[in-house]
Amino acid sequence: MRGILEQGEGMQRIHQGAALCFVAFSVFVVWEAWNLEYYTPLGPGPGFFPLWLGAVMGGLSVLWLAQVSSRRGRPKEGALLPERDGRVRLLSVLGSMVAATLLMDVLGFQSAMFLLLLFLLLIPGRQRLWLTLVVALLGSVGIYHLFGSYLDVQLPKASLSLLARLGL
Amino acid sequence: MEALQNLLMGFTVALAPQNLLFAFLGSVLGTAIGVLPGVGPVAGVAMLIPLTFQMSPTGAIIMLTALFYGTQYGGTITSILLNVPGEAASAITCLDGYAMAKQGRAGVALSIAAIGSFVGGTIATIALVLAAGPLTRMALQFGPVEFFALIVLGLSLLMGLAGKSMVKALMMGIFGLILAMVGMDPVRGLPRFTFGRMEFMDGIGFVPVIMGLFGLAEILVNTEEKLTSVSVAKMSSLVPGKKEIGDSVGPILRGSVIGTLLGLVPGMTGSASSFLSYIAEKKVSKYPDRFGTGMIEGVAGPETANNAHANGALIPLFTLGIPASPTVAVIMGAFMMHGLIPGPFLFKEHADVAWGVIASFYVGNVILLILNLPLIGIWVKILKIPYGLLFAVIVAFMMVGAYSVSNSTFDILVMVLFGIVGYLLRKLDFPLAPIVLTLILGPLMERSLRTALDMSQGDFGIIFESPIAVVLLSLAAVILVAPAFRFFRKKTETLSGEEGA
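Top to bottom, those sequences are chains A and B. Under this note's numbering, the first residue of the first sequence is numbered 300, with each subsequent residue one higher. Under this note's numbering, the first residue of the second sequence is numbered 416, with each subsequent residue one higher.
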C-alpha cells in the first residue's frame, strides 16, 4: 500500500514539475511579449496577442498545478520514462537522428543516412546484418535519388573532399 | 443544377491522367499508412506534403485528400486481421472484425468494410456537393469579425471534445497559438520570438512540428517496447453471403448519415463517429448481446461511419475554411503552402481546383474499393514486415521530409525537438489535436481580429456590432464554460452526499 502511494506521489511530483515548466514557459512568453508594442493608434500591436496568450497559459498552468496537487486530481500511477532497456532504445533513436543531422553537411546526405539506417536497423531494430546492409544502402541511395532527382530537393553534399570526390 | 454542372467540370479535372495518377498514389500511400503501425493520418499527410512541392496545386491536394481518406480504409485491415487498429477511428471494428477473423470470416469482414467505406465516402461527398453552394454563399457574407468568431467557435468545439480535461485541452490550444506567433507579425511585419535566427523569420514550419508531435512521438512510444513482428489472422473468401449483405444494408446507411453529420462538427473525431454508429447498431439490433462475437453489423456500421466522417469533415474546410479535425488542418496547411486559401473564395477564384478535388473524392473512393478488395493480399504482406525494419525507414523518410520543406537541417532538429515534446505530452496525458488546429488557424485568427480592430481604430465594440459574431462567440463561451459548471455541480453533489452520510 505504502509502495503504491509512493509511486502515485512520484507521478504527482512529475505532473507538478511539468506544470511548473508550463508556468515558466508562460512567464517567458509574457516577458518576450512585453518588449513588443502592445497597442498602436490603429489597434493592437505585435505584442497584444502573445501577451494575452502568455497570461492565459500562465493562469491555466497554475490551475493545472492546483488540480494535480489536490487529493482528487492526483494522477494515476505509471512512469514518465520506460525501464532501462526502453530508455536506451529511446535515447539511441533520438541521439542517432541528431548525430546524422549534424553530420549531413560534413559527410553528405547519402553517407549520413546510410550510417543512420545501419545503426537503427542493427541496434534498436535487431535486424540481420545482410538485410541491414541492403536496406541501408538502398534506403540512403534510393531516398537521395527520389528526392534529389525527381522532386528537386537539394540534399546536402559532403564537405569532406574525399567523399565529395566520390560524388557523395 | 449549378452544383451538378460544377461537378461535371470537376470530373474533367479529376479524370485528367496526371490527376488520376495522383489520386491513385494518394490512395495507395493512404492505405499503406493506415496499415502501418506508428504513422497515423496526421503525421502521414504532413510527411508527404514535401512530395507535392513539384506538383500542380490541384494534383497535390487530390493526392493528399486521397491519402487522408485512404488511411481510413487501411486502418480497417489491421483492426480485422491483427486486432490492432491502424488508426483510432477503426478501434471499435476490432471487437467484431477480429472475432469474425478468428471464425475464418476475415475476408467477408474486409469486403463489407470496404463496401461500407465506399458508400459512406460517396454519400458524404454528395453532401459536400449539395452543401457547397449555400454554405459558400453564407460564408461570403462574413467579414473579419465574423471570421474571427467562427474560428473561435471551431476551436472551442475542438477543445470541448479533445479529451478528459478541458484545462489540458485549452493549454494545448494556447501552446499551438503561441507557436503560431513565432515569425513575422502578420499585420505590422515585425519579428516576434525569432531570437535573431533567420530560420524563424517565416515562423516554425508546421510540417516538422506535426511530424515531430505525431509521427516521431509515436515511434518513440513504440521503441519503448522490443520491436517485434506481428502474427496475422488467416484470410478467407472475400465474397459475402446473401444474409451478410442483407444485414449490412441498414448499418451502412445509418453509418453514412452519422459519419457525415458528425464530420461537419469541428473537433468531432472519426472515432466518435464509428463509436456512435456501433452503439446505434447495438440499439437497433434484435441481438444486442451478440455484439463482440463477430456480428457483421459491428463492422459495417462503424467502418462506413468513419469513412463518411473523413469525407464529411472536408465540408467545413471547403466551404468555410475551417478544418474540423487535425488531419484536415494539415490538409489546410498544404492548401496554403500551394498558395490557396480554402473557404468560400476557393470556389470563386479557383473553381477548377475546388470542384476538381471534390470530384476526385468519387474517383479516389472507387480506386480504394479496388485496392482494398482484389489487392487485399498485398496489404496483408506489408503487415508482415517486421517493425524493427519499418521504423528505421519511416524515420529516414521523416527526416528527409522535414528537410525538404525549406532545404534546411534545422527543420530536422525542430522535428526531433517536437518529437520529444510530443512524447512527454503523451505521457502526461495531454491531447495533441488542439496544437495542430491552433498552430494552423492561429495566424488567420490573429489577422482577422487585428484587421477588424484596425477597421474600428482599436475599438472592441466592432465585435458586438455583428449579430453573427455575437451568436458564434456566445456559443463558444457556453462550450468552454459548461464543463466548469458541471465540475462545480458535481462538487456540490459530492459535498451534500458527504454531509448526508
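It should be emphasised that the hints constitute simulated quantities derived from the structure, not laboratory data. Hints should not be assumed to be uniformly reliable.
Over the 10 Å line for every Cβ pair with chain B, so calculated as not near, a few chain A residues [to be verified]:
#1 Trp429
#2 Gly438
#3 Ser458
#4 Ala463
Pair by pair, the computed Cβ-Cβ distance ranges are [stated by the list, open to error]:
#5 Leu788(B) / Ser460(A): 54 to 60 Å
#6 Tyr338(A) / Ile694(B): 46 to 52 Å
#7 Arg386(A) / Met424(B): 55 to 61 Å
#8 Gly394(A) / Val886(B): 49 to 55 Å
Partial pick of chain B residues on the chain A-facing surface, computed with a CB cut under 10 Å [unchecked claim]:
#9 Asn498
#10 Ser580
#11 Phe608
We treat Cβ as the ideally placed atom computed from N, Cα and C, and that holds for glycine.
Status of the hints after comparison with the structure:
1. Listed as outside the interface, Trp429(A) is consistent with that label: its C-beta sits roughly 13 Å from the nearest C-beta of chain B, beyond the 10 Å cut-off.
2. For Gly438(A), the condition that its CB be more than 10 Å from all CB atoms of chain B is violated, with the nearest at approximately 6 Å.
3. The non-interface label for Ser458(A) is consistent with chain B: the shortest C-beta to C-beta separation is roughly 13 Å, beyond 10 Å.
4. Its beta-carbon lying about 17 Å from the closest one in chain B, Ala463(A) satisfies the requirement of being farther than 10 Å from that chain.
5. Distance hint check: the CB atoms of Leu788(B) and Ser460(A) are about 55 Å apart, consistent with the given range 54 to 60 Å.
6. One distance hint, 46 to 52 Å for the beta-carbon pair Tyr338(A) and Ile694(B), holds here, with the actual separation near 51 Å.
7. Taking 55 to 61 Å as the suggested C-beta distance range, the pair Arg386(A) and Met424(B) conforms, at roughly 57 Å.
8. Restraint check, Gly394(A) to Val886(B): a C-beta distance of roughly 53 Å satisfies the suggested window 49 to 55 Å.
9. The beta carbon of Asn498(B) comes no nearer than 23 Å to any beta carbon in chain A, farther than 10 Å, and the hint placing it at the interface is violated.
10. Here the hint on Ser580(B) is kept, as its CB sits about 8 Å from the closest CB of chain A, short of 10 Å.
11. A distance limit of 10 Å between C-beta atoms decides the matter here; for Phe608(B) the minimum to chain A is near 6 Å, and the interface restraint holds.
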